[in-house]
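Protein chains: 2
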Amino acid sequence: MGQYVAPLRDMQFVMHELLHVEDELKQLPKHAEIDADIINQILEEGGKFTSQVLFPINHSGDREGCHHDKEHNTVTTPKGFKEAYKQYVEAGWPALSCVPEFGGQGLPLVMNNSFYEMMNSANQAWTMYPGLSHGAYECLLEHGTPEQKSVYLPKLVSGEWTGTMCLTESHCGTDLGMLRSKAEPQSDGSYLITGSKIFISAGEHDMADNILHLVLARLPDAPQGSKGISLFLVPKFLPNADGTLGARNPITCGAIEEKMGIHGNSTCQMNLDGAQGWIIGGPHKGLNAMFVFMNAARLGVGMQGLGLTEVAYQNALVYAKDRIQMRSLSGIKAPDKAADPIIVHPDVRRMLLTAKAYAEGGRAFCTYVALQIDKELNHPDEVVRKHAADEVALLTPIVKAFITDNAWIATSECMQVYGGHGYISEWGMEQYVRDARINMIYEGTNTIQSLDLLGRKVLMDNGVKLKKFGAKVQAFIEQNGTDEALSEFITPLADLGDKVTKLTMEIGMKSFQNQDEAGAAAVPYLRLVGHLVYAYFFAQMAKIALEKQDSGDTFYVSKLATVRFYFARLLPETAMLIRQARAGSATLMALDADLF
Amino acid sequence: MGQYVAPLRDMQFVMHELLHVEDELKQLPKHAEIDADIINQILEEGGKFTSQVLFPINHSGDREGCHHDKEHNTVTTPKGFKEAYKQYVEAGWPALSCVPEFGGQGLPLVMNNSFYEMMNSANQAWTMYPGLSHGAYECLLEHGTPEQKSVYLPKLVSGEWTGTMCLTESHCGTDLGMLRSKAEPQSDGSYLITGSKIFISAGEHDMADNILHLVLARLPDAPQGSKGISLFLVPKFLPNADGTLGARNPITCGAIEEKMGIHGNSTCQMNLDGAQGWIIGGPHKGLNAMFVFMNAARLGVGMQGLGLTEVAYQNALVYAKDRIQMRSLSGIKAPDKAADPIIVHPDVRRMLLTAKAYAEGGRAFCTYVALQIDKELNHPDEVVRKHAADEVALLTPIVKAFITDNAWIATSECMQVYGGHGYISEWGMEQYVRDARINMIYEGTNTIQSLDLLGRKVLMDNGVKLKKFGAKVQAFIEQNGTDEALSEFITPLADLGDKVTKLTMEIGMKSFQNQDEAGAAAVPYLRLVGHLVYAYFFAQMAKIALEKQDSGDTFYVSKLATVRFYFARLLPETAMLIRQARAGSATLMALDADLF
Chain A
1 MGQYVAPLRD MQFVMHELLH VEDELKQLPK HAEIDADIIN QILEEGGKFT SQVLFPINHS
61 GDREGCHHDK EHNTVTTPKG FKEAYKQYVE AGWPALSCVP EFGGQGLPLV MNNSFYEMMN
121 SANQAWTMYP GLSHGAYECL LEHGTPEQKS VYLPKLVSGE WTGTMCLTES HCGTDLGMLR
181 SKAEPQSDGS YLITGSKIFI SAGEHDMADN ILHLVLARLP DAPQGSKGIS LFLVPKFLPN
241 ADGTLGARNP ITCGAIEEKM GIHGNSTCQM NLDGAQGWII GGPHKGLNAM FVFMNAARLG
301 VGMQGLGLTE VAYQNALVYA KDRIQMRSLS GIKAPDKAAD PIIVHPDVRR MLLTAKAYAE
361 GGRAFCTYVA LQIDKELNHP DEVVRKHAAD EVALLTPIVK AFITDNAWIA TSECMQVYGG
421 HGYISEWGME QYVRDARINM IYEGTNTIQS LDLLGRKVLM DNGVKLKKFG AKVQAFIEQN
481 GTDEALSEFI TPLADLGDKV TKLTMEIGMK SFQNQDEAGA AAVPYLRLVG HLVYAYFFAQ
541 MAKIALEKQD SGDTFYVSKL ATVRFYFARL LPETAMLIRQ ARAGSATLMA LDADLF
Chain B
1 MGQYVAPLRD MQFVMHELLH VEDELKQLPK HAEIDADIIN QILEEGGKFT SQVLFPINHS
61 GDREGCHHDK EHNTVTTPKG FKEAYKQYVE AGWPALSCVP EFGGQGLPLV MNNSFYEMMN
121 SANQAWTMYP GLSHGAYECL LEHGTPEQKS VYLPKLVSGE WTGTMCLTES HCGTDLGMLR
181 SKAEPQSDGS YLITGSKIFI SAGEHDMADN ILHLVLARLP DAPQGSKGIS LFLVPKFLPN
241 ADGTLGARNP ITCGAIEEKM GIHGNSTCQM NLDGAQGWII GGPHKGLNAM FVFMNAARLG
301 VGMQGLGLTE VAYQNALVYA KDRIQMRSLS GIKAPDKAAD PIIVHPDVRR MLLTAKAYAE
361 GGRAFCTYVA LQIDKELNHP DEVVRKHAAD EVALLTPIVK AFITDNAWIA TSECMQVYGG
421 HGYISEWGME QYVRDARINM IYEGTNTIQS LDLLGRKVLM DNGVKLKKFG AKVQAFIEQN
481 GTDEALSEFI TPLADLGDKV TKLTMEIGMK SFQNQDEAGA AAVPYLRLVG HLVYAYFFAQ
541 MAKIALEKQD SGDTFYVSKL ATVRFYFARL LPETAMLIRQ ARAGSATLMA LDADLF
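For the record, the sequence lines run as chains A and B. According to UniProt numbering, the first sequence is numbered sequentially starting from 1. According to UniProt numbering, the second sequence is numbered sequentially starting from 1.
A couple of the hints might just be wrong.
[Said to hold, decoys possible] Quick partial rundown of chain B residues pointing at chain A, CB under 8 Å, derived from the structure:
no., residue
1, Gln27
2, Ala338
3, Ala583
Since the hints were made in silico from the structure, they are not lab data. We put the beta carbon where it would ideally sit given N, CA and C, even for glycine.
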């Protein structure tokens, strides 16, 4: 049932050689003591845990799925999930990047991020349970009252309790302004919440003693729309003052969804029948508080896409080396065998390299963004913090949408490497494709991400954040533009940078007249900027690889080949994207809805 | 659970207005009596049958799947499948385009083809049972002995018995030269066949009394490789002289596969333990005979992709009109509702129009190819037959690969229209995506189709077939090039035609030096030629639509909008494809397999 080996060498390359994480962390007082050894050691341990504990229950978890017992209001996770979670908690993994004040280990997010890549490679459905807890932790840390923090954070940090985000209702997902769940204030300062939520990942399960639901609902005096939404902390069991669990709160699972993939994760319809909750972040400020959670979740979804890309690649590679079929068009390569291994065929290599490039490009990009979050949170200089925050804001929708779109492409190509076996469940590949598909949808569809990038992060900002990031790209181009060996990468990077600048201005002008122009351009625009970001990181990686390609370490030879493939075969998508982004809204909007 | 309504208006447009099928058939003595009324009547009946009988058991068939009873060697199809098949047989549908000599209705393939689109929209998994029978019918009709034909063809034509193609073994799919199943000649002229086959669609089931397996195996004196393969007819039950069923032949289902989709179709491992069979097409000429089946099957797979594209579009459209979420960026469109229907959003329209354009382009293209097959088979003029045969040979890999790739794109976009609901099984969309995925793999992967097109159909032929098709495109361009109203379509069509010509020569020169160049270019090349074909048909459709757009029939307004969308948003893919096809093999082949 396949394999997963954490890509430690490439993670270390990104951390130490590309991003100089150790040096960057030295500037953050909180993380100044982190050195490369600590990073490598944690990554190594993470690799063992994910390969040995999470990966072996990934396929079986998909086949078995979750089971809902209506009578007893319980959801049972697949065999082994609970035990793996116990090991995860006992090893202290949930606390990795949490603050020491509440029991955390205080390590930087950039390390936690790489661990999440591994967990998602090994088992996305399982990883969603602790992943949502971490989002709840971040939301509560920023917006909770001191009392809420003292009661709930230690439990989330230790992993004893897990968290959820209860946003969606059957009639509203993207448009949360329409939500109907109600919160009635009680004399003790708490609220009784009534309503029905859908698509609640990890809403009910048997892996932890308690579940902290973060629930969006309306107060009686709430204004209409998205400005009338408040956020509530609604525990499954009400904690007693002594920390033990008290009464069962009436927030229960009505059903779990049958879905395309991530079968190991329980997707619950949750019913609240006067469940007791406590407000977080103040009345009508729920969306603001929830956005902390959402932003963390969007980065997390990007890591899901990255994890699946990596594991699909690893397995397709094993198959392509092992499976013999047909002879190479350019002459027999394995004369001792009845046919050549299929990795000799150019198009099989195209499929493999597509996944390899998207994995390595995504890894560099995500690690960079995680490091910017560490700087945003912990750099002593406010200007640096602001700059990092701006970059994170700009890049988050790209992490979410570009990486998950690429994961859909990459997992499908890896499945295709297997031929007919790719379609058969026991080979494990088709699960990656099914699992990858949700990442393009949840936490804001990829269309929503594109609108967020183009509308909110670029146009409403007059392009300031984009220009700041562009200046970094430009600086790299100028520093290396005269290096002949790099020109094969620098020239197309500079060309793409110019085109993105011009295109942004053009769309900005057009959408000033007609907002639908932004809506028509947003999706190709996001992919275009995604390629600019990847080309920038790949060019930097090429620089390092060129310097070290004769070092005897073949890692750099492989890296350089991947970069060259990216520029030759994936970057050309930009020629299409520019045309699509410039095509305007008229051909989309012309037709009356009745004539479709 | 969704809907399916046969797109009769568009089918009639393609048949009568675009392709003038009635006039074309008048030139074929066998079909000279077919008029538009007959065509419309059959299409209408087909629409009723598929909507009312096949569609209602599509989703339930997916959820239930097939069940294998090892002890009794039986496979049970999902609830309702057997009954639907009975209705299908009783209505005479299997005989539609079969020759009257063996009980067929003798109607042209072009009509059968449209019926298959409908069947695949309604229920691909179910349609594979009769679809494979039809392939077996065609193979036997061309290569069977008179006795074989008289025994088996009437049963296949009536649908009482079904057929399979038993090619793949666990160690060989694409590379059939490696297959190991053995056929021992017997004194009575029959053979005893022993071996094990995998991925046998409809290999065992409960829908028909008997199954005719067409099995590839080796004779004892067979040369090695693909030149030593023979084809055998191996019935599940040996027919007695009086037509009744005799002994059970030892060809049995060892297991059925768990797979990503098409759960309603039984994908069987078939074991032959000295099963009695009769040779078809002569010793060592099995692949030649099987190619009749394969070509029919490849067109059939294209129709599967088309069918899924259409039904996914129809359902996404219903959802997009019904679901309200957010306000239009350009101003409120439905003030009486709490939000606007999502069809107001540009990107939702992009997703819908992608599916609409791929459905309508694919329909025009497939219908055209099916008509060419009718001409190939039945035109009195040998030159016309040859010309038609050449076109069919050239276009078959494009039908198979381009349409199924597009179906993967389109079904995924339609699923995305649903947001989170798209991922949930009960909404029905995710099934279309899962079902669509197999079509890119079986009957020769899409990479194999691309190599067939570029290698065998274009380069080995010195581009003759491509030039002949190109001359048709060129003639259309010259006839309409001065029409100002058409220039928005003619100009990019002519431009693309020039580029395909140049690119073909360039790849031809490069691959003359190094065959891997063809392998590296094949996949983007096929999609590029696919777009040339679609642009050609869309331009023709635009011409008709422009002439009739003021007729009061809004069909033409819709058609014109679809064509404009295609040229604005889908055709730009060619800018990427040309760059990819020209990128050469070096970036694919540079890396040693050990360094991946």
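To see whether the hints hold, each was checked on the structure:
{"no.": "1", "hint": "Gln27", "in the structure": "violated, 36 Å"}
{"no.": "2", "hint": "Ala338", "in the structure": "holds, 6 Å"}
{"no.": "3", "hint": "Ala583", "in the structure": "holds, 4 Å"}
In this structure, the one hint that does not hold is number 1.
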